[in-house]
Amino acid sequence: MNWIRLALASLWNRRTTALLTLGMVALSLSLLLTVDRVREDTRASFSNTLSGTDLIVGGRTGSLNLLLYSVFRIGNATNNISWESYSDLRRNSAVDWTVPLSLGDSHRGYRVIGTTTDYFDHYQYGRKQALSFQSGQPFDDVYDVVLGAEVAEVLDYQLGDDLVVAHGLGTTSFENHDDKPFTVVGILEATGTPVDRSLHVPLEGITAMHVDWQQGVKLPGFEISADEAREMDLTPDSVTAVLVGMKSRVQTFSFQRLINQYRAEPLSAIIPGATLQELWQLIGIAENALIAVSFMVVVTGLLGMVTVILAGLNERRREMAILRALGARPGHILGLLMLESGLYGVAGLLAGLLLHWGVIALASIWVQGTYGIQLTLALPSPTLLLVLAGFVGLAFLVGLLPGWKAYRQSLSDGLTATT
Amino acid sequence: MNSTVWKNTLCLAFSTLLLASVAVTVQAREATEIQWDDLMPANFSYKTLREQIDFSQYDLSSLSDDDPEAQRLYSDMTQVLANAPVVDALGGANIKLAGFVVPLEMDGDSVYSFLLVPYYGACIHTPPPPSNQIVFVQTQGGYEMGPMDEPVYVSGTLMIEAQQSELGSSGYTLYAGRIDPYL
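Going line by line, the protein sequences match chains Y and W.
Our numbering numbers the first residue of the first sequence as 1 and each following residue consecutively.
Our numbering numbers the first residue of the second sequence as 1 and each following residue consecutively.
Just chain Y, same shape as in the assembly (with noise of 0.2 Å):
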């Protein structure tokens, strides 16, 4: 007789509620799953963002804070590096390169950097993969623009399209600097980083827009013109955060030291791998909490499959006499039993990847858009695979338990089920 046809055949005879159960099965095992993937692509994307940076400075602020504005474009920096601090530190005989960085305003929702052209040549992300462009080359003009690969694609600008920036952080913004267009003269190849949904200005741009800017505000009848503020010094004030490379990397807690006990200004450096490691061990915990809640779910689900196939063993009491009646024995029962408990396990194991994969598709456009990190469709990785396997064969040992309760049934029951 072959089992497995037969198991088959008696499902789809309860096929309603096999689905069900099927259901239940796939969307505890997708949580566990979906869980899993978001965690692994979140520590991915934070890591891929920045490589080859050996300290961050900005003003003084907590670590993870200076962190996550300079870099991943979340959250705002409580202070500014003065430009005379920032001259002083780039001539550090330890320093090998510096790249400044000038937040704070922004197009259409997408931040407005201001930085040097030594942003192209320094800036590394993933494995020490240097920034490229995709059209165009970096800013010469006080008011050319260099897009991130996102930002150009989204709100479909080419090379040569003009653009205003406004002031803030917001998606609108009822302050703009529309009196100084900027120009499109690059475009950047995708990295997968947020720098694909920043724009590039130089320090001077940034500083020519706020030229005639008093307390934040722009006050009528002192405007300057564009080509007025060519003219003038746009040597900035100050700088929001600054990337450092150092000649020798074992020299670089000492230099850490003396940006952070510097005596002109409050000033904080980070080292970003550290840093990134300590935003890691605080966010464990909520992350472990989540997959014990993961595991408890398809614990659940495992004992919701049980418990339906228990329920039904009553009802099916005279299918298994005429199986008894067509020369199964007792034996026979108990591993039908097993066997599509198994076999719920491994549908559901599948169904719950099918699944998974679907929500993290559609998700992802979302997740990435917001959030900037890079939702993957892949294999869940090792040790969950071993998990899971683990799970396939719980799922076909639980079954021993009504596939025992059946075994007594059709001993007891003889031929004739009074039923």
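Take these hints with a grain of salt, some might be off.
[Stated by the list, open to error] Pair ranges (Cβ atoms, derived):
1) Arg50/W - Ala130/Y: 42 to 48 Å
2) Glu287/Y - Gln71/W: 40 to 46 Å
3) Ser381/Y - Tyr175/W: 38 to 44 Å
[Stated by the list, open to error] To give a feel for the contact side, a few chain Y residues facing chain W, derived at Cβ under 7 Å:
4) Ala44
5) Ser47
6) Asn79
7) Arg90
8) Ser248
9) Arg249
10) Val250
11) Phe253
12) Ser254
13) Arg257
14) Arg263
15) Gly273
16) Ala274
17) Gln277
It is worth saying that the hints were derived from the structure and are not from the lab.
In this text the structure is predicted, and so the values were computed from the model without any measurement.
A virtual CB, placed ideally from N, CA and C, is assigned to each residue, including glycine.
Dock chain W against chain Y, hints included.
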């Protein structure tokens, strides 16, 4: 020669080869465990430090903590410590050293390069160790690191590499073969 003699000879040759290869691998894997003190040359002391700074330009008796002169002196001393001398004899040695990990290059949970330091918190608030008490480690493929406050044993080849700093000083780089938890 008859077949038994052949078999015996072959057996002997094979087992000798096996023993020899085991001996070689055991020797290759056996790294000398060193302590952090071994990374400092014998003559590296406060006295030699003092000799490297020109104290004549400072009037030590009248300096207070807030004085910018004191700041300059402090930064001079930090500069000297940041370019501390290394033990040249250790160059190329196969060593094993325990320390704490400060990650530099990471990819998800994998660390590709890190700084090995003698105590936890070297990156936070206590004065940093001198440059001959910091080892720059390059891992072979990613290393899945645990919490930062858990020390590890790093085994590998220690190299002394000239730094690109103006003072032409050198620092320790360790090409790690294996990293184990320190229990």
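inquiry  = Output the indices of the hints that this structure fails to meet, ascending.
reply    = Violated hints: 3, 6 and 7; rest satisfied.
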